[in-house]
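Chains as they are written, first to last, in my numbering: chain C, 1 to 202; chain A, 1 to 476.
Honestly, I wouldn't trust all of these hints.
Below 27 Å or equal to it, Euclidean Cα-Cα: the simulated DSS-like pairs (lysine-lysine) are [stated by the list, open to error]:
#, chain 1, residue 1, chain 2, residue 2
1, A, 90, C, 57
2, A, 339, A, 328
3, C, 33, A, 90
Chain C is nowhere near these chain A residues, computed Cβ spacing over 10 Å in every case [stated by the list, open to error]:
#, residue
4, 21
5, 28
6, 129
7, 130
8, 147
9, 158
10, 159
11, 196
12, 227
13, 270
14, 295
15, 303
16, 312
Derived by calculation from the structure, the hints in this document are not laboratory data.
Ideal Cβ positions, reconstructed from N, Cα and C, are used throughout, including at glycine.
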Amino acid sequence: MAMRAIREVRGQAVPLPGDDIDTDRIIPARYLKCVTFDDLAEGLFRDERFDESGAAKGHALDDPRYAGARVLISGSNFGCGSSREHAPQSIARAGFEAVIAESFAEIFFGNATTLGLVCVAVSPTARRALIEAVRADPQLELVIDVAAGQVRAGDQTFEASLPSSAREALLDGFWDPLGELLEGVSAVREVAERLGHVATGA
Amino acid sequence: MEPPRSLYQKVWQEHAVRRLRNGQTQLFIDTHLIHEVTSPQAFGMLRDRGLKVLMPERTFATVDHIVPTHTRLEPFADPLADEMIRELRKNCADNGIQFFDLDSGHQGIVHMVGPEQGITQPGTTVACGDSHTSTHGAFGAIAFGIGTSQVRDVLATQTLAMSELKVRRIEVNGRLHPGVYAKDVILHIIRTLGVKGGLGYAYEYAGDVFDRMSMEERMTVCNMSIEGGARCGYVNPDDTTFAYLEGRPFAPKGAAWAEAVERWRGLASDPACVYDDVVTIRAEDIPPTVTWGINPGQAISIEQRVPTPDGAPEGERESIAEALAHMKLTPGAPIAGTKVDVAFFGSCTNGRVSDFVEAARFLEGRRVHDGVHAIAVPGSQHVKAECERLGIDRVFRDAGFEWRDAGCSMCLAMNPDKLVGDQLCASTSNRNFKGRQGSPTGRTILMSPVMVAAAAVTGRVSDAREVFGVTREAVA
């Protein structure tokens with residue numbers, strides 16, 4: 001069952017410099033006390049944005065110049081740590097459609113792709129140039145071209161990579177694999193039969 | 001004749017169902033573990049799509065993240081936590097999933113329960129909506145943390161869409177110094193290879209240090225693979241593995257046991273197999289290791305000084321400065337002597353019986369320093385009961401630790417156990433991220449259980465070898 005093909009994301013971007021931004025920072029654990037993902041936008045980078053009294057700390061996400069942005073730009077190993085899908089869920093539910101970073105932690109990357117949140121990797125030089133360009137002109141529209149493997153910002157073009165499996169899935173509209181996995185259920189039963197069930201105590 | 005293969009490759013090939021259109025593999029998952037935090041939304045997604053759990057006998061549940069450890073009275077004081085445990089109970093009952101609930105005597109952190117029950121077995125694929133699922137690799141299982149949409153995928157299809165990883169063999173040979181533990185070994189590996197060094201890799205831990213380790217020590221090592229960026233890490237199964245598993249409730253019995261052991265032996269990596277990368281570390285080079293920063297790779301020997309941003313390569317200066325600012329540490333000062341407010345003993349990294357037994361040898365007859373809040377949280381109800389049978393709880397209590405019920409507790413603070421303000425915690429857990437232990441300004445220093453005992457007793461980050469006298473012969 002195909003979903004919408006995602007060929008590109010266009011929009012303003014917010015710079016979130018720094019490496020190794022972990023999922024506890026993206027969404028603190030207290031926001032995980034929920035049985036649905038519906039209200040997660042509120043928790044996005046909560047403790048980076050507000051102090052314990054609730055006062056804003058002047059974070060880029062709350063800077064009116066970046067209001068309406070659809071793209072985050074960050075450093076290497078973005079989304080490391082906890083496997084919580086709440087992290088990409090909160091990013092997506094806050095209105096973001098893509099993350100540009102130097103590299104991504106694998107569990108985060110998989111979780112994000114399954115939601116159709118586009119994650120592309122760029123070089124350190126490209127990351128710095130993009131952040132500079134966006135800071136100089138917060139209205140600048142970035143184009144993340146999934147098919148071409150590029151990020152374009154004004155007259156600058158940067159190479160952007162993502163694993164071929166994710167690229168194909170986005171372009172094909174099969175970024176959520178459940179439909180295709182379900183199609184394989186008869187083959188799954190055969191493998192289960194062949195391997196047997198080991199944790200039965202028998 | 002088949003080419004020599006690693007355990008990872010053998011298990012992967014055995015469990016590959018078919019190739020998906022984007023080139024990924026539909027991979028069969030033998031064993032699925034679930035808990036209250038990352039599963040309710042997945043059950044909701046199944047309901048929304050009118051799907052059933054395909055093989056409920058392959059999913060096992062327990063409750064760990066949100067449970068209070070100071071009282072088991074229900075309803076919980078926190079209505080959100082209470083809603084989560086009730087939701088898990090209902091989902092398990094509705095779908096015929098075995099649930100190791102609070103009154104079962106078997107509840108605990110999900111990564112303790114699988115091994116204790118003999119559910120975690122060599123050569124299996126294990127998935128759980130928790131990044132520390134890598135723990136189960138200690139048994140020669142390929143075990144990875146997954147997100148909630150993938151929990152949904154496993155419930156509905158018993159498979160995942162996965163890409164095959166490369167394999168890096170990490171060999172540690174030689175003799176560990178007295179006072180150096182499994183926790184120091186993995187912190188040293190992460191410090192050496194970096195928190196993103198493992199991206200794209202499965203880690204195979206090999207060499208005589210791991211060969212000599214107990215299963216509990218191997219679990220400590222595999223547990224933190226993800227902190228080094230590796231989604232899974234494993235140790236090849238051997239007699240130590242089989243001795244641990246034999247007789248456990250879900251392990252094979254009778255003739256099936258002998259057959260299983262035979263099969264498991266054959267799954268170990270072939271001696272001639274070719275790895276994508278090999279890293280060799282001398283056991284003698286590993287010191288008692290502590291973190292100073294805000295990720296587990298920002299670690300140093302207990303004898304070293306906190307780094308200075310000025311002396312670092314340009315790309316690292318910013319992150320060192322950020323870490324030092326959060327930790328409120330003085331650049332260039334010795335890490336030993338840093339004042340400690342809280343000592344946390346527990347978690348899926350170091351909440352097992354041997355962790356408590358080893359620390360108790362040194363806590364006996366000693367007192368927690370004035371002003372240090374010390375809590376000891378067994379990782380499971382089995383660990384708690386065994387420690388109590390051995391009188392270990394008494395040693396911890398007499399020393400001034402609070403002796404709690406089983407759960408994740410202050411490792412991630414989704415329960416009442418939290419740091420307050422900028423308290424500094426000496427912790428046996430696995431993450432020192434900003435805010436991880438429940439206060440946005442709270443500070444965490446990761447270390448081995450015996451080092452936490454030393455910090456609790458002195459009120460400072462301390463070299464346990466000095467505080468307690470040289471500890472014991474090398475562990476492995």
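Comparing the hints with the structure gives:
| no. | hint | result |
| --- | --- | --- |
| 1 | A:90 to C:57 | violated (41 Å) |
| 2 | A:339 to A:328 | holds (11 Å) |
| 3 | C:33 to A:90 | holds (17 Å) |
| 4 | 21 | violated (6 Å) |
| 5 | 28 | violated (5 Å) |
| 6 | 129 | violated (6 Å) |
| 7 | 130 | violated (6 Å) |
| 8 | 147 | violated (3 Å) |
| 9 | 158 | violated (6 Å) |
| 10 | 159 | violated (5 Å) |
| 11 | 196 | violated (4 Å) |
| 12 | 227 | violated (8 Å) |
| 13 | 270 | holds (20 Å) |
| 14 | 295 | violated (5 Å) |
| 15 | 303 | holds (25 Å) |
| 16 | 312 | holds (13 Å) |
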